[in-house]
Structure formats: C-alpha cells, structure tokens
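Enquirer: Sequence:
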Amino acid sequence: MRHLFCYATLLIIASVPAWGQQASIDSRVTAACEALTKNPPKHPYLYFNANDIPAFREKLKEGHPAKLWEQILERDDIYNNAFKYLITGEQECLDKCKARIEEMIARKSWHPDGERLDHVTLENGYSLLEMAVAYDWLYQALSPDERVRLREAIVAKGCEIIYRECHDKGHWATPRANWCPDIKGPLGVAALALLGEDKRAPMWAGYAAQEVDGYLHVAVGPDGGCQEGTYYTGHGVQMSLYLLDALKRLTGVNLFDNNHLRNMIYFYLYCYQPFPNRQWTCNFEDSNSAVHGCRQNLMRLANEYDDGYYRWLYDNIVAIPHSYQAAQNEAHTFKPFEFIWWSDEVEPTPPDDLPLSRWFRDVGWVVLRSGWEGWEPLFAFKSGLDAYGHIHKDNNDFMLHAYGSVLATIVGYGYIDTVAHNVIVTNIHQYGQRGRIVDFVPGDGVDYVCGDAADSYPDLDKCLRHVVFVKPYYIVIFDEVESNGNTPAYEWQMIGSGEIDGERLRIDGEYATLNVYGLLPRNGIWQTSDMHLESWSHAERDFKVSRFSANVGKRSENFVMVLVPQPKQVPGHEELVPFDIKLTTVETENCVGVRVAREDATDIVLFSRGRAGIKAAGVESEGKVYVLSKRKDGSIERELEVLPPKAQAVIPE
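Residue numbers (the working numbering): 3 to 655.
Treat the hints as calculated values from the structure; they're not laboratory data.
Hints may be right or wrong, so weigh each one.
[As the list claims (entries may be wrong)] Restricting the straight-line Cα-Cα distance to at most 30 Å, the calculated cross-link-like pairs of lysine-lysine (BS3-like) are: (1) K546 to K556; (2) K63 to K44; (3) K63 to K110; (4) K584 to K632; (5) K98 to K63; (6) K617 to K570; (7) K584 to K617.
Assemble the whole structure, with the sequences as input and the hints as a guide.
Expert: Here it is as structure tokens:
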C-alpha cells in the first residue's frame with residue numbers, strides 16, 4: 003500500500019481543473035437554455051434542421067456516404083426509420099416509428115422489468131435517447147395529441163426519474179463511473195429537445211452537461227489514455243457526443259474544448275493494429291480485441307479538431323471489409339449519425355511522423371510498436387491504478403500482436419482475476435490495481451519499460467517486470483520477485499496453450515508463431531493446464547494457461563523469458579520469412595540477461611540485479627539495463643542504456 007496514497011492524491015490533483023470548471027458549465031448551459039426557451043427553434047434542431055435535408059439527399063448518391071446510406075436502409079429501428087422518413091418521406095418508415103413510440107408510451111416504466119420507477123439502469127438512458135431523438139426528428143409528422151403523450155412519457159419515464167435517482171442517490175452514475183454518459187447524456191439530449199415545453203429542461207441540461215464533461219475529463223486522461231480501454235471508453239464517448247454535438251449547435255457552449263478528448267486519438271492510434279480482412283486493438287480491461295464501432299466518434303472528432311490523425315484512423319477502419327460490418331453490428335444498434343456527421347473536408351494524416359512507442363501515464367499503459375502498417379510486431383504493457391469497475395487485476399500484464407496474428411492476449415471481458423492474464427502468479431492473486439510504470443526509455447530500434455506490481459500482491463515485497471523490445475525481432479522479459487516472508491510458488495504465466503519443447507513454449511497463430519524461451523530459473527519447467535473461471539457477470543469459461551514454474555520455497559526468484567514472434571506466410575508480405583536466432587543465457591552475481599545471435603548481428607541484453615551496475619560479457623555499465631547490437635562488420639546497429647544521472651558506460655569492443 004506504500005504507493006497508494008500518493009497515487010490517489012495525484013489522481014485527484016490531476017482532475018481538479020476539470021472539476022473546477024464544472025460549476026460554470028452547469029450555469030452557462032442552464033442560462034443558454036433558458037434564453038432559448040423564449041424563442042425555441044423549430045424541430046428538427048438537435049443535430050440538423052429542415053434546411054439540411056436536401057444536402058443529405060445529395061450526399062447519399064455516391065462515394066462512402068452512399069455505403070452508409072445502404073446501412074441505414076438495412077436497419078429497422080426507430081433511429082434509422084425516422085431518418086429514412088425525413089429523407090424519403092416513406093409512410094411505412096413513419097408508421098414503424100409511431101408503432102414503437104406507442105409501445106414506449108404504453109409501458110409503465112423504461113426500466114428493464116417494465117415496472118420500477120425508483121431505480122435507473124442503462125436501459126433507461128438508451129430508451130430516453132431513442133424517444134428524445136424521435137420527438138425531435140418526427141415532431142412535424144406527429145399529431146398534437148401524439149406530441150403531448152410522447153412528451154409526457156419522456157418527462158415522467160425518462161427525465162424525472164433519471165434526474166431524481168442520479169442527483170439524489172446516484173453514486174453509481176457519478177463522472178467516475180461509465181454509467182454517467184449512458185444515463186446523463188440522454189438526459190441532456192432530452193432536455194434540449196424539450197426547450198420551451200418543460201420549465202425544468204434548462205436545469206436538466208445544465209446538470210447533464212456538467213456531469214458528462216466531468217466524465218470526459220476523468221475517463222480520458224490528459225494524454226488521451228482511456229481508463230477502461232478502447233471499448234468501454236469508446237462507448238462512453240459515443241454517448242457523450244450525442245449531447246456535446248447538440249449542445250454546441252444550440253447553445254454555443256463548447257464542451258469539445260477539452261484536450262483529453264482532443265488527445266484521445268493517440269491512444270486509439272497506438273492500440274490499433276490493422277491487417278487485411280481483420281483488425282484489432284489492445285484489449286486490456288473489459289475491452290475486447292475487435293475494433294469498437296466508434297467510427298462516428300472518429301468522424302465527428304476529426305471534423306471538430308480538424309485532425310488528420312482522427313480521419314486517417316477512420317479511413318483505415320472503413321477500408322477493411324471484415325470490420326466494416328462488425329463495426330456497425332455492435333451493441334446499441336448502428337445509428338445514422340456517422341452519415342449525418344460525415345464530411346470529406348479533413349485530409350487524413352498518416353501517423354508516420356509519430357514516435358513508435360508511447361507511455362499513457364494516467365492509465366499505466368505503454369505501447370511499443372515496430373511500425374504503422376499493421377503486420378509489424380506490437381507489444382503492449384500495463385501497470386496502473388484502480389479507477390473503474392471494468393479494470394482487471396493484471397498489473398505487469400502484456401499482449402503481443404505480430405504478422406497478422408494475436409500471439410499473446412488475455413481471457414477477455416469480465417474475467418478480471420489475475421489467473422486470466424499474462425502475469426506472475428503466486429499462491430495469492432492480485433487484489434487490485436496497485437501497479438505503476440517506474441521507467442520508460444524509448445530508443446532507436448530498442449525500447450525499455452519497467453512496471454512495479456508489488457502493491458498488488460499481498461504476499462510480495464517485490465514484483466518488478468523489466469521489458470526490452472529489440473524491434474522487430476524479440477522481447478526479453480526480466481522479472482524480479484520477492485516474498486514478504488512466505489515462500490510461495492512463483493509461476494510465470496501466459497494465457498493459451500501450445501507445444502512444449504524443453505525450455506520453449508511454441509504458440510501457433512494463423513500467420514505467425516511465437517516461441518517463448520524460459521532461460522531463468524535454470525530448473526524452471528513449462529506446464530499447460532486447464533482453467534475454469536467465472537466472470538464478474540457470472541458467465542463461465544474454460545481456457546488453458548501455460549506456466550513456467552520455479553522452485554517452491556525460495557523467497558526471491560528471477561525469471562528471464564524471451565519471446566520471439568516468427569512470420570509464417572503473411573498475406574501481401576511474401577518477403578517476411580522466419581529468421582534464425584540463437585540464445586545464450588548470461589548470469590552473474592550482479593546481472594542476468596541473454597546473448598542473441600541473429601543472422602546479421604549479435605545482441606547482448608543485460609539487467610542488473612537489484613541495484614544499478616552491470617559487469618558481464620565484456621560489458622561494464624553503471625546502469626540497470628544495457629542493450630547493444632553489433633553487425634557482423636563490427637558497427638553498432640542499436641544501443642540502449644538506462645543510466646543513473648551523469649553515469650557513463652564502457653562500451654565493449
């Protein structure tokens with residue numbers, strides 16, 4: 003617990019500017035909405051007005067918007083039917099919308115059980131958003147009686163209950179919870195749709211805007227890192243944008259003026275790994291490896307910030323046919339906002355000018371890339387704080403994508419327990435997020451990162467994981483583990499199973515193979531076993547784990563593991579072939595590491611044990627990590643040294 007207080011303090015301090023702005027946001031939005039009630043605009047007005055509809059009809063005729071229009075035509079929900087009616091005037095679409103509206107009016111409650119008026123769930127928010135959009139888009143097509151009855155349902159079954167439950171006792175929907183945008187975003191949209199028709203609407207809008215702005219400043223860090231990964235944060239931002247867009251359009255209050263949201267593109271760029279006919283993102287936490295359908299988010303934010311990176315990522319996601327459908331067939335139904343917000347005014351900017359590796363400090367993620375094309379090996383590492391309910395107990399966890407295959411991953415959504423991750427396993431599992439990144443040193447062709455997870459394990463005094471990535475060839479992981487008095491069985495774990503061959507674990511992917519070599523402890527043994535685990539949502543899953551085990555009874559232990567991803571037959575990249583590699587363990591009293599012989603170079607990767615200072619294999623350094631690659635002609639290919647201040651290294655001949 004020694005780091006917890008300072009971490010929590012830093013987190014609170016970091017969020018103070020956002021929270022300090024929130025009171026003024028509430029009052030500004032309320033005042034702007036009160037001014038609008040004196041002369042409300044004519045429906046539809048939330049996201050467009052009647053004068054915009056002819057331009058929509060022109061947009062759907064060709065290019066990518068025509069494909070989006072095809073998606074809209076295939077959908078049969080109220081959002082898409084209402085939009086189709088506005089564009090085409092088809093009576094059938096209007097009739098389907100009215101039938102859905104009557105169904106919602108007839109329900110006693112929009113709670114999932116259809117009865118409760120004293121409790122709010124996500125479904126209350128989703129239903130309110132649906133009915134608020136229908137009220138705005140179909141207002142002119144509804145009879146006076148239909149408008150009154152729908153408006154009364156929006157107020158009684160949506161706005162009143164959500165405001166009461168959230169404002170009075172909704173700790174589960176504060177800006178620190180992912181329910182906030184899902185419930186309060188719709189409250190704000192509904193309030194804007196009712197301007198001039200309910201005197202409480204300005205108050206509801208101000209409250210919702212304040213809360214959603216708070217969420218965006220906490221869920222997304224100043225550097226763009228997303229606390230709950232790309233999936234959950236992407237959905238929260240999606241629900242937030244419905245309010246932010248309408249709010250800016252109607253009131254001029256611009257909650258897009260937010261560097262957290264502006265910088266979120268970097269998190270998505272670094273986590274994104276495209277490949278022909280498929281694509282992934284890094285999937286720590288309750289995310290999954292599929293690209294979440296936030297294409298409408300990317301388009302809206304590209305236009306808002308005139309940001310070519312946002313547009314480049316949008317274009318790349320769209321360009322992969324397999325995910326074109328998958329991105330739309332996600333939860334909460336594809337809505338026509340991607341079409342509404344689509345524009346070709348922002349030129350895409352490839353991320354080629356960005357460094358290949360990045361540390362997202364607030365979330366404790368480090369992503370080490372080898373390139374931007376998609377086939378290159380990508381290693382992601384995590385050690386961070388417990389801030390949200392969908393964060394897993396997996397400090398010092400990692401994943402590896404390479405050559406079109408996911409070679410190291412986690413069990414997935416809901417399985418938060420330590421045993422569902424690529425971490426050190428002891429007799430007692432991690433009990434929470436108490437990790438931190440203690441060092442990150444990117445280099446030219448070689449990167450280093452170190453995570454400290456000791457505070458996550460009740461039985462450990464030390465749990466340091468050092469990672470060196472010699473790009474794109476291999477990753478060396480050095481773990482220093484020490485108990486606090488007990489003598490647990492330390493095990494180095496990877497999710498999945500493979501063929502065990504002595505000190506090597508071989509994992510086969512579709513286009514690549516991962517060889518994992520256990521170099522230390524020298525008497526370590528690979529074993530694969532079955533695991534059965536229940537998720538937080540009570541789903542159950544069987545999976546396999548592979549573990550490299552050390553002797554039971556030692557208070558401290560060192561693991562040196564080398565991960566070597568090898569290409570097989572990579573579509574579109576026939577030039578990528580398996581390469582020869584030979585490993586030799588290096589171990590002295592003060593350091594450990596590996597000598598790596600490649601086809602055209604020899605590398606030495608060394609770590610000091612416990613304190614700075616390395617002396618082995620012809621290397622003398624005052625640092626804690628030293629990496630040197632020499633070509634066959636003796637020239638230096640790459641070098642990385644993690645040194646204390648003013649220290650110098652003696653480079654070996």
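Enquirer: Taking the hints in turn, state whether each one holds.
Expert: Taking the hints in turn, this is what the structure says about them:
{"no.": "1", "hint": "K546 to K556", "result": "26 Å, holds"}
{"no.": "2", "hint": "K63 to K44", "result": "27 Å, holds"}
{"no.": "3", "hint": "K63 to K110", "result": "42 Å, violated"}
{"no.": "4", "hint": "K584 to K632", "result": "15 Å, holds"}
{"no.": "5", "hint": "K98 to K63", "result": "25 Å, holds"}
{"no.": "6", "hint": "K617 to K570", "result": "38 Å, violated"}
{"no.": "7", "hint": "K584 to K617", "result": "22 Å, holds"}
Consistency note: the structure conflicts with the earlier hints numbered 3, 6.
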